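Enquirer: Working from the sequences, and respecting the hints, build out all of it.
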Amino acid sequence: MPEKISKQKFWELYRKLPTELQDALFDDDLWNNVAEICSRYQANDSHDLISDGLFNVLLGILPPNIFIDGLANELKTDKATTSRIIHEINRFVLFPVKEALEDIYNLQMTPLAGAPSPNATKRSAYQEPIG
Numbered sequence: 001m002p003e004k005i006s007k008q009k010f011w012e013l014y015r016k017l018p019t020e021l022q023d024a025l026f027d028d029d030l031w032n033n034v035a036e037i038c039s040r041y042q043a044n045d046s047h048d049l050i051s052d053g054l055f056n057v058l059l060g061i062l063p064p065n066i067f068i069d070g071l072a073n074e075l076k077t078d079k080a081t082t083s084r085i086i087h088e089i090n091r092f093v094l095f096p097v098k099e100a101l102e103d104i105y106n107l108q109m110t111p112l113a114g115a116p117s118p119n120a121t122k123r124s125a126y127q128e129p130i131g
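Here the sequence shown stands for residues 1 to 131, numbered as in the numbering used here.
Keep in mind that the hints were calculated from the coordinates and are not lab data. Careful: at least some of the hints might be erroneous.
What the hints assert, rightly or not - Distance condition first, Cα-Cα at most 35 Å in a straight line; then the derived DSBU-like pairs of lysine-lysine: (1) K9 to K76; (2) K4 to K98; (3) K76 to K98; (4) K98 to K7.
Owing to the predicted nature of the structure, the values given are computational and were not obtained by experimental measurement.
Expert: Have a look at this one:
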């Protein structure tokens with residue numbers, strides 16, 4: 001994971017971010033989600049590792065895929081728990097700012113399992129096909 005940055009460098013990078021990511025960096029709900037995920041999986045000792053990495057992702061320093069790969073290697077949990085932690089971070093922290101992250105990192109993030117496809121049409125469970 002990247003080293004900590006100075007306050008001056010932080011504000012320099014922050015000003016260049018899309019508004020959505022600027023807001024995310026100071027969003028209490030986002031950081032509460034991180035704390036809840038760590039608590040849920042008894043990974044409180046990894047809270048700083050996860051938070052620092054996410055901070056760098058949101059700031060435009062660390063691409064999400066490199067963060068996730070590094071996290072998978074650095075978490076001190078079993079494989080199944082690590083997978084669940086990563087899934088929840090993707091779903092509750094990164095997915096809400098997916099478009100902004102794709103723009104600043106110039107990448108296409110893989111949709112989560114169960115996430116609606118952009119081309120999917122909404123259909124009521126009560127609708128039946130005609131014909």
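Enquirer: Against this structure, judge whether each hint is valid.
Expert: Now for the hints, and whether the structure bears them out:
no., hint, verdict
1, K9 to K76, "holds (31 Å)"
2, K4 to K98, "holds (24 Å)"
3, K76 to K98, "holds (27 Å)"
4, K98 to K7, "holds (26 Å)"
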